[in-house]
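Colleague: If you want the building blocks of each chain, they are given just below.
There are 2 protein chains.
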Amino acid sequence: MANKQIPIPYKIYLTEEEMPKQWYNLRADMKNKPAPLLNPGTKQPMTAEELGAVFCEELVKQEIDDVTAYFDIPKDILAFYKMYRPSPVVRAYELEKKLGTPAHIYYKFEGNNTSGSHKLNSAIAQAFYAKHQGLKGVTTETGAGQWGTALSMACAYLGLDLKVFMVKCSYEQKPFRREVMRTYGASVTPSPSMETNVGRAMNERFPGSNGSLGTAISEAVEVAVSTPGYRYVLGSVLNQVLLHQSVIGLEAKTALDKYGVKPDIIIGCAGGGSNLGGLIAPFMGEKLRGEADYRFIAVEPASCPSLTRGKFAYDFADTGMVCPLAKMYTLGSGFMPSPNHAGGLRYHGMSPILSQLYHDGFMEARSAVQTDVFNAAVTFLKCEGILPAPESSHAIWAAIEEAKKCTETGEAKDILFGLTGTGYFDLYAYKAYNDGTMTDYIPTDEDLAKGFATLPDIG
Amino acid sequence: MANKQIPIPYKIYLTEEEMPKQWYNLRADMKNKPAPLLNPGTKQPMTAEELGAVFCEELVKQEIDDVTAYFDIPKDILAFYKMYRPSPVVRAYELEKKLGTPAHIYYKFEGNNTSGSHKLNSAIAQAFYAKHQGLKGVTTETGAGQWGTALSMACAYLGLDLKVFMVKCSYEQKPFRREVMRTYGASVTPSPSMETNVGRAMNERFPGSNGSLGTAISEAVEVAVSTPGYRYVLGSVLNQVLLHQSVIGLEAKTALDKYGVKPDIIIGCAGGGSNLGGLIAPFMGEKLRGEADYRFIAVEPASCPSLTRGKFAYDFADTGMVCPLAKMYTLGSGFMPSPNHAGGLRYHGMSPILSQLYHDGFMEARSAVQTDVFNAAVTFLKCEGILPAPESSHAIWAAIEEAKKCTETGEAKDILFGLTGTGYFDLYAYKAYNDGTMTDYIPTDEDLAKGFATLPDIG
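In order, the protein sequence lines correspond to chains A and B.
Residues in the first sequence are numbered consecutively from 85, following our numbering.
Residues in the second sequence are numbered consecutively from 85, following our numbering.
By construction, these hints were calculated from the structure, which means they are not laboratory data.
Keep in mind that this is a model prediction, so the values were computed, not measured.
A portion of the hints provided could be inaccurate.
The list makes no distinction among identical chains, and a pair is therefore deemed to hold if it is satisfied within one copy or across any two copies.
What the hints assert, rightly or not - Within a straight-line C-alpha distance of at most 30 Å, the following computed DSBU-like cross-link-like pairs (lysine-lysine) qualify:
#1 Lys159 / Lys145
#2 Lys489 / Lys247
#3 Lys488 / Lys159
#4 Lys489 / Lys220
#5 Lys145 / Lys105
#6 Lys95 / Lys159
#7 Lys181 / Lys247
#8 Lys115 / Lys489
#9 Lys166 / Lys95
#10 Lys489 / Lys342
#11 Lys497 / Lys411
#12 Lys166 / Lys182
#13 Lys115 / Lys166
#14 Lys220 / Lys181
#15 Lys95 / Lys127
#16 Lys95 / Lys215
#17 Lys342 / Lys105
#18 Lys105 / Lys182
With the rest of the complex left out, here is chain A (with noise of 0.2 Å):
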């Protein structure tokens, strides 16, 4: 509950000063850690060498580190923040008059940056890291292409190279989003390629196959292990992108601190997790360490419901098997999401850190069809004017969803979502609601055993 004392202004911006200088690492306040990658052959824990192979030295570091609370964040990253953070948190006064409701809603707002989301965060953080080791150039996946966006921004910066496998239906979908990509000077290719032995595999076996982020994870760490002076780089799921993705969290709770507000409900979507786990860590870090006590609620698409359906095991992170293997709320690999689905959100696993909290009961989830969402979404924009990602439309949903409970009950409650973006890029997705096409999916028990079906035998 806010201090009422202060009157709160429509945005929260830190200054410079006030920005985080360091990352806070979740998982050093976890009792339960998140269990180890698993070497894909040998299922034994990935050793620190074998993840180097694939991943940046540093961030390898990071990715194994479970006991160190704080990284500083090197100043040149710290000048790259400086250019498109702080962020605000944003006061959704006009949405409260729109919901008549009694509760105070809060957004932090990640979108206001050409990648159009908090993708940026880490995408800055890899591509630093892999041109301070002296890399070329890195590869990686993009489904609805905010994160192949933020690291051709990123790499655009640095000048380091960058290969984007984009999954064949957004290469389609999004001509727009690969010509932002082309014009920072990335190459895009769209998934399943020709130039993989994993993409000739899968459009020799699917031929017209739509792709998957599965199978452009695959193809992406198949070229960074092959080319000389490369290295694969992610932008969910890992631990290290959660770390970096903190200092979404950490200015948010700097910025409510401020005006004496704690948040009595934290709400983020979730596909891969990273959103979600850089905005909840600060707070989450209270709880676990039993300082303060908040609710989490896990947004998810009914259409890929990891955490509400999906089984906690290890899984592979890709379809070709490559990867190392995660512990994890996953529907399988082998799962795919309804072509009917619209932005992103479409990983069929969810970040070790997120599934283990979850896990241990420190978190909810929930899953919403698509024109709910999309419902939400233009209530939200009428009244607050930012036209949000499909994406950040589900902690829409569940915030609207919370603020009318208060309506009945009476509770002033403070209720903050992470905003992760925009949504100038998914307008075929609004044109299709704006059409009344727009149809929802939730597979039933025999799809999702499909998918179950794909998981390994870790004994």
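With chain A fixed as given, assemble chain B onto it according to the hints.
Modeller: The following block gives chain B in isolation, referenced to the frame of chain A:
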């Protein structure tokens, strides 16, 4: 020159308390006032009553008043401004580094809102006064789409109907731009349409016409004056628009004053003049009152060079000749920019205020071909991160030119330019640039003569 004692952050934000509470009317400080609008039939100055048939009452007052220096910003507009303003003044440290210039480059960035540009500053004002007058809706035209998008956001917020006539080539090139407007609830019609007399006549005379701003204006005015409860609103050129846009310059001046920075050169792109007029307003006021001196540079496309190659004369504001006549630098209402011209800045005339100031020697003007403009844009986006609108990139181009001169002379000039918006809906133009298919066009004297032939003969 800056006070070098205080370190200047990457972004200078004002607090909400520091935001302007009044708009500044530059005309109050002009000795030579802009010439009045004339009735296209009688060629006599338009009365308030005549203007009231087209425009909202309060806006007519603002349009005519050339003596009142400040107008209070209504509190409902201030509330809306707080959702996306104050906009930052950004120190382009990375661009300076890239250029190796001793100059200090600042830009006032107006693109951090879903409309993607400064147009929202006047859109909310015009929509507010329409609502306040009890109107049902408004009509307008849009070319590149920034104005239409901004107005659709403002109308959605206030619950006002909006009918947009969108220049046909943009309507087809930018399906997502029109989808944004639709998502906010606006109706969007390609112009020339079959819904108006002007549109039908154009379609008959020029079958398959790509449309023009001049025609779209005529269509929007025709619908506004023939539909009860509707008025017409316009995003540039008019005095009222420059009044609202003064918020850009007022914020910029307050921000720079905090750090003791007095810009030597102020640069803005110029189409109809809304951004440039807003950015320079308080600085130009000081110059007109003899309190300070600044260099002002208007940058226009070489393909639509109203200031640099136009005539200072009374002209029609629209192709259909239903609008008032304005005295301005103009290429003639019959002038059509080449279809290869990307982005906005394609209006045949220029704000009467800016035209008068330019005519009286208070401002410079120069033009740029679009490949030079896109070269500047790409230099900028790779180091500063933001993908700029083609319009805004004209100002970037000139700022870089001036910064390079400083490199030659060793002067540490302070350069301020207006970054009016983002190019997220202009990727087809960036694609042409990336593909190497973008071409330049400079009208010949014969081309211009055809436009001048459409100028009216005003005694």
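Colleague: Looking back at the hints listed earlier, which ones does the structure fail to meet?
Modeller: Of the numbered hints, 2, 4, 8, 11, 13, 15 do not hold.
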